[in-house]
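These protein sequence lines map, in sequence, to chains A and B.
According to our numbering, the first sequence is numbered sequentially starting from 697.
According to our numbering, the second sequence is numbered sequentially starting from 1304.
Check the hints yourself; a few may be wrong.
With a Cα cut of at most 16 Å, we get these calculated EDC-like pairs of lysine to aspartate or glutamate [to be verified]:
hint: 1; chain 1: A; residue 1: K738; chain 2: B; residue 2: D1412
hint: 2; chain 1: A; residue 1: K698; chain 2: B; residue 2: D1366
hint: 3; chain 1: A; residue 1: K738; chain 2: B; residue 2: E1306
hint: 4; chain 1: B; residue 1: K1345; chain 2: A; residue 2: E699
hint: 5; chain 1: A; residue 1: K795; chain 2: B; residue 2: E1306
A partial selection of chain A residues facing chain B, derived with a Cβ cut-off under 8 Å [stated by the list, open to error]:
hint: 6; residue: M730
hint: 7; residue: L743
hint: 8; residue: Y767
hint: 9; residue: K795
hint: 10; residue: G799
hint: 11; residue: V804
hint: 12; residue: P808
Using C-beta positions, here's what the derived DEER-type ranges look like [to be verified]:
hint: 13; chain 1: A; residue 1: G712; chain 2: B; residue 2: K1386; range: 42 to 50 Å
hint: 14; chain 1: B; residue 1: V1315; chain 2: A; residue 2: R803; range: 24 to 32 Å
hint: 15; chain 1: A; residue 1: S716; chain 2: B; residue 2: E1304; range: 21 to 29 Å
It is worth saying that the hints were derived from the structure and are not from the lab.
Note that the Cβ used here is the ideal one computed from N, Cα and C, for glycine as well.
What follows is each chain in one-letter form.
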Amino acid sequence: QKEVEQDPGPLSVPEGAIVSLNCTYSNSAFQYFMWYRQYSRKGPELLMYTYSSGNKEDGRFTAQVDKSSKYISLFIRDSQPSDSATYLCAMRARAAGNKLTFGGGTRVLVKP
Amino acid sequence: EPEVTQTPSHQVTQMGQEVILRCVPISNHLYFYWYRQILGQKVEFLVSFYNNEISEKSEIFDDQFSVERPDGSNFTLKIRSTKLEDSAMYFCASSERGASSNQPQHFGDGTRLSIL
């Protein structure tokens, strides 16, 4: 079983729709969870950073973590064409120091 | 907003040659990292660096790789004798503090390394 799994997509939605993304993981030691957005030929850009279980909201973005199910989600409300990108989840275990473990990314296309 | 900058954006090198990738981390950050992303694959951790020492490294980071902070602003990754399989995007990242402080890592736009 892969450590972090993410559906590669592409996920195509009409402008204004809610985008729903998720990752599953197998390592129960992961405690810090991040979502990065990556445009073509650019580096990962941090969107959300959460610790342990629960929800976090920032503008149009909501991140959810369910540690009991080993499942994290990112929701993008009122999606815009500029949200078209690849979304990467990343995780870190407290005992693993600074090493981030990434999912493979989900490509999202928001159509005007 | 402060950002991590990487140069060059694209590096083409003959197999067997040495290559140095350069990064300028965010100025008040103390922890520095290199990751790589082979085309179509996941972003993978290579190494973390703090206080002029490697603090962690992955199995990928073998004797062909080295890192250095030659001055107060630059952070470099050197590959001594490049192989075809070293072709990838190499991302530099930095964080204000390390793992115990919950500080996130911020990434540069990467250097695309092509080995011929």
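Checked hints:
1. A:K738 x B:D1412: holds (5 Å)
2. A:K698 x B:D1366: violated (27 Å)
3. A:K738 x B:E1306: holds (13 Å)
4. B:K1345 x A:E699: holds (12 Å)
5. A:K795 x B:E1306: violated (20 Å)
6. M730: holds (6 Å)
7. L743: violated (10 Å)
8. Y767: violated (18 Å)
9. K795: The hint holds - K795 of chain A has a Cβ within 8 Å of chain B, the shortest such distance being about 5 Å.
10. G799: holds (7 Å)
11. V804: violated (17 Å)
12. P808: violated (26 Å)
13. A:G712 x B:K1386: 42 to 50 Å: holds (47 Å)
14. B:V1315 x A:R803: 24 to 32 Å: holds (27 Å)
15. A:S716 x B:E1304: 21 to 29 Å: holds (28 Å)
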